[in-house]
Amino acid sequence: MSHGGGGHAAELYPENQVILFGAILAIVGMYISQFLPHVSMLIGGLLAVGATVAGANTTRRVAAYGLGTGVPSIGMVSLGLGVISTLAGVLLAGVAISQFNLPNELLYGIPIIVAVVSIVLGFIVGKLTVNPIGMKIPIMVESMTKLSLMGALSILGFCAAYAGGFYPDVIIGGAVKNGIIGLAFIAAGMAILHPFNACLGPNESHKRTLLLAIACGFITWFIFSIVKLDILSSVVSILLWGIVYREFVNQSLKDACCVLYTPEIPKKDM
Amino acid sequence: MDPTLLVLGALALSGAAATVAGCAEDLESDVGSQSNPNSQVQLGPQMGNIHRYFNKAISGEPVSYGLYVAVAGAVAWALINMGLSVPIALVVGAGIAAFIHGAYAVSAYLGRIVGQSKNFGQPVYMDVVLSHLGPIVGHGFIAVFCMLIAAYLATSMLGNPFPLPLVALIFGITVGAIGSSTGDVHYGAEREYQKYPFGGGVPVANQGDIDIKAETGIRNGMDSSYFCSKLGGPLTGLTFGLTVFLGGWGDIIGEIVGGDLISKSVIAIIVGIIIVTITAYLNRVIEVYARKKYGPYTDR
Numbered sequence: 011m012s013h014g015g016g017g018h019a020a021e022l023y024p025e026n027q028v029i030l031f032g033a034i035l036a037i038v039g040m041y042i043s044q045f046l047p048h049v050s051m052l053i054g055g056l057l058a059v060g061a062t063v064a065g066a067n068t069t070r071r072v073a074a075y076g077l078g079t080g081v082p083s084i085g086m087v088s089l090g091l092g093v094i095s096t097l098a099g100v101l102l103a104g105v106a107i108s109q110f111n112l113p114n115e116l117l118y119g120i121p122i123i124v125a126v127v128s129i130v131l132g133f134i135v136g137k138l139t140v141n142p143i144g145m146k147i148p149i150m151v152e153s154m155t156k157l158s159l160m161g162a163l164s165i166l167g168f169c170a171a172y173a174g175g176f177y178p179d180v181i182i183g184g185a186v187k188n189g190i191i192g193l194a195f196i197a198a199g200m201a202i203l204h205p206f207n208a209c210l211g212p213n214e215s216h217k218r219t220l221l222l223a224i225a226c227g228f229i230t231w232f233i234f235s236i237v238k239l240d241i242l243s244s245v246v247s248i249l250l251w252g253i254v255y256r257e258f259v260n261q262s263l264k265d266a267c268c269v270l271y272t273p274e275i276p277k278k279d280m
Numbered sequence: 145m146d147p148t149l150l151v152l153g154a155l156a157l158s159g160a161a162a163t164v165a166g167c168a169e170d171l172e173s174d175v176g177s178q179s180n181p182n183s184q185v186q187l188g189p190q191m192g193n194i195h196r197y198f199n200k201a202i203s204g205e206p207v208s209y210g211l212y213v214a215v216a217g218a219v220a221w222a223l224i225n226m227g228l229s230v231p232i233a234l235v236v237g238a239g240i241a242a243f244i245h246g247a248y249a250v251s252a253y254l255g256r257i258v259g260q261s262k263n264f265g266q267p268v269y270m271d272v273v274l275s276h277l278g279p280i281v282g283h284g285f286i287a288v289f290c291m292l293i294a295a296y297l298a299t300s301m302l303g304n305p306f307p308l309p310l311v312a313l314i315f316g317i318t319v320g321a322i323g324s325s326t327g328d329v330h331y332g333a334e335r336e337y338q339k340y341p342f343g344g345g346v347p348v349a350n351q352g353d354i355d356i357k358a359e360t361g362i363r364n365g366m367d368s369s370y371f372c373s374k375l376g377g378p379l380t381g382l383t384f385g386l387t388v389f390l391g392g393w394g395d396i397i398g399e400i401v402g403g404d405l406i407s408k409s410v411i412a413i414i415v416g417i418i419i420v421t422i423t424a425y426l427n428r429v430i431e432v433y434a435r436k437k438y439g440p441y442t443d444r
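Residue numbers (my numbering), protein chains in the order written: chain A, 11 to 280; chain B, 145 to 444.
Hints listed in this document are in silico derivations from the structure and should not be mistaken for laboratory results. Some hints could be false.
Below are the DSS-like pairs computed for lysine-lysine, each with C-alpha atoms no more than 27 Å apart in a straight line [unchecked claim]: (1) K408(B) with K277(A); (2) K264(A) with K217(A); (3) K262(B) with K264(A).
Which residues of chain B face chain A? A partial, calculated answer using Cβ under 10 Å [as the list claims (entries may be wrong)]: (4) V151; (5) G153; (6) A154; (7) A201; (8) G217; (9) I244; (10) V258; (11) G265; (12) G416.
Covered by chain B, per the in silico footprint, the following chain A stretches (three or more residues, Cβ under 8 Å) [what the hints assert, rightly or not]: (13) 86–94; (14) 120–133; (15) 199–210; (16) 257–270.
Small disclaimer: the values here were computed from a predicted structure and weren't measured. Here a beta-carbon is modelled for each residue, glycine too, at the ideal position from N, C-alpha and C.
Just chain A, with the same shape it has in the complex:
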């Protein structure tokens, strides 16, 4: 595969595999948050990390076309779409039940509804970036769809883990009215945009970017655990973050051309 500006190393895992894995983990996490609220942050928060990692992986693929300073922007777009789809999906289910007398069991399908809304929204926005705006990236529509899905799943995942469920009354009262959804927007957004924004360059490697993506996901989980004042989740998340982050630092030092501890400029070979 040829990349416009990035020109990075081959993929460790195929993108679609990571997307599928991340989406399944995040959706399972939401159901665990809903039905086992006492472990919502411990397990739901952990599984929501899957969505941010998959989102970061897609960011890497689309931003490798030479977006450069656009990497943070595309991450923010992803989360912006995610917030809209999350709120729309959650409220749509409630409205459908109250207005059209649909069975209450529809509420169990909220994660799926949110996912569908985000896919549709991402597809429309992706088409718009190609047609009136005229971006020439061949995988733009596909990537916007995936980014929108991952943004929505990470926001709903962390919000459901915080509020203890994804039912409209639970999530609107427990994560939207108190502003926690704003934290989900920016913290999950950073976890999606930061890994590739930090690691980009001609010597970028998928392994380092993925390690950093996992570390960023864990630190986002840590933030939510602290805000929920959940001591067990905080300890577990910071320990897992420490292990992965350490691995990232070691891998980076191993991949560098040299590591110096003194202020000296190496002589040029040319």
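Given chain A, work out where chain B should sit, using these hints.
Positioned in the frame of chain A, the structure of chain B alone reads:
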């Protein structure tokens, strides 16, 4: 005490906090070469300039400060709800945010440097990481804590209807935006290109040809921060402090004069327009004065 006096005091305090926050934010971003100057630091090794700058490519300043202040605000909000006293909750929140800041800063440096290390021979300087991390996290803590004070005052005293985590997020984005737009002017084009004539801008041919030597020894991010602490940082603080302070006057005068909500809002909008007109006029006067005094750039 008269509630109007209390509101005036809160406004003055949040203006002062915003001034300190703006200054600390700008100096912090200069230590790490975040935001606009970052692209030139990134280009340096590709043009053969092996450097000892800290390449803190977390994201743009508005996004990263939005994150830190939102984290601090959410943690402080949770602790206040738990019953902890407000000052301690604000300090603990800003402390957690500083930890997050440090973690992202180190991964940004390692990621960006290693990402072009082998092709262009840019080494990873561990002493730069260790020596710069303190100033980055420290300045960041001051900026986040001051913004958190302003956000807390906005929700508790100044009648902002939104919850603290959301207000903190917006305030963080604002301080990052002002720090990026005002402060970077004093660092990017001039400090990184000091060997070129002053006022010449950065032509494409010079991009990436950044200064790697300091007044003594090899330049690093702390030299840049020291340089910017004379004008760039204080000016950013002043800009942001004035933005918060003058922005609040509209609401205050509306509160004092107006009767119902509509007339209050109309008065606030009129006061806002008057302030914008006066500052735009002053800007124009300064610009004309500077053009007359220094004239266009000539390549002598």
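Hint check:
A C-alpha spacing of about 68 Å is found between K408(B) and K277(A), which places the hinted pair above 27 Å, so the restraint is violated. Under the criterion of a C-alpha separation no larger than 27 Å, the hint pairing K264(A) with K217(A) is consistent with the structure, at around 12 Å. With a C-alpha separation of about 11 Å, the suggested pair K262(B) and K264(A) falls inside the 27 Å cut-off, and the hint holds. Because the beta carbon of V151(B) sits about 23 Å from the nearest beta carbon in chain A, more than 10 Å, this interface hint is broken.
The criterion of a C-beta within 10 Å of any C-beta in chain A is not met by G153(B), whose closest approach is roughly 26 Å, and the hint is violated. For A154(B), the suggested interface contact is broken, since its CB lies about 20 Å from the closest CB of chain A, more than 10 Å. The closest approach between the C-beta of A201(B) and any C-beta of chain A is roughly 6 Å, which is under the 10 Å cut-off, so the hint is satisfied. A cut of 10 Å between beta carbons decides the hint on G217(B): the least distance to chain A is about 8 Å, and the hint holds.
Checking I244(B) against chain A by beta carbon gives a least distance of about 6 Å; that is within 10 Å, so the hint holds. A hinted interface residue such as V258(B) counts as satisfied when its beta carbon comes closer than 10 Å to some beta carbon of chain A; here the least separation is about 5 Å, so the hint holds. Taken as an interface hint, G265(B) checks out: its beta carbon lies about 6 Å from the nearest beta carbon of chain A, inside 10 Å. At about 25 Å, the closest approach between the beta carbon of G416(B) and any beta carbon in chain A exceeds 10 Å, and the interface hint on this residue is violated.
Counting residues of the region 86–94 of chain A whose CB lies closer than 8 Å to any CB of chain B gives 1, so the stated coverage by that chain is violated, three being the minimum. Remark: the region 120–133 of chain A is not confirmed as covered by chain B, as 0 of its residues place a Cβ nearer than 8 Å to a Cβ of that chain, below the required three. Judged by the Cβ-Cβ criterion of 8 Å, the region 199–210 of chain A is covered by chain B as claimed, because 9 of its residues qualify and three suffice. Counting residues of the region 257–270 of chain A whose CB falls under 8 Å from any CB of chain B gives 10; the rule of at least 3 is met.
Figure legend: structure checked against the earlier numbered hints; hints not met, in rising order: 1, 4, 5, 6, 12, 13, 14.
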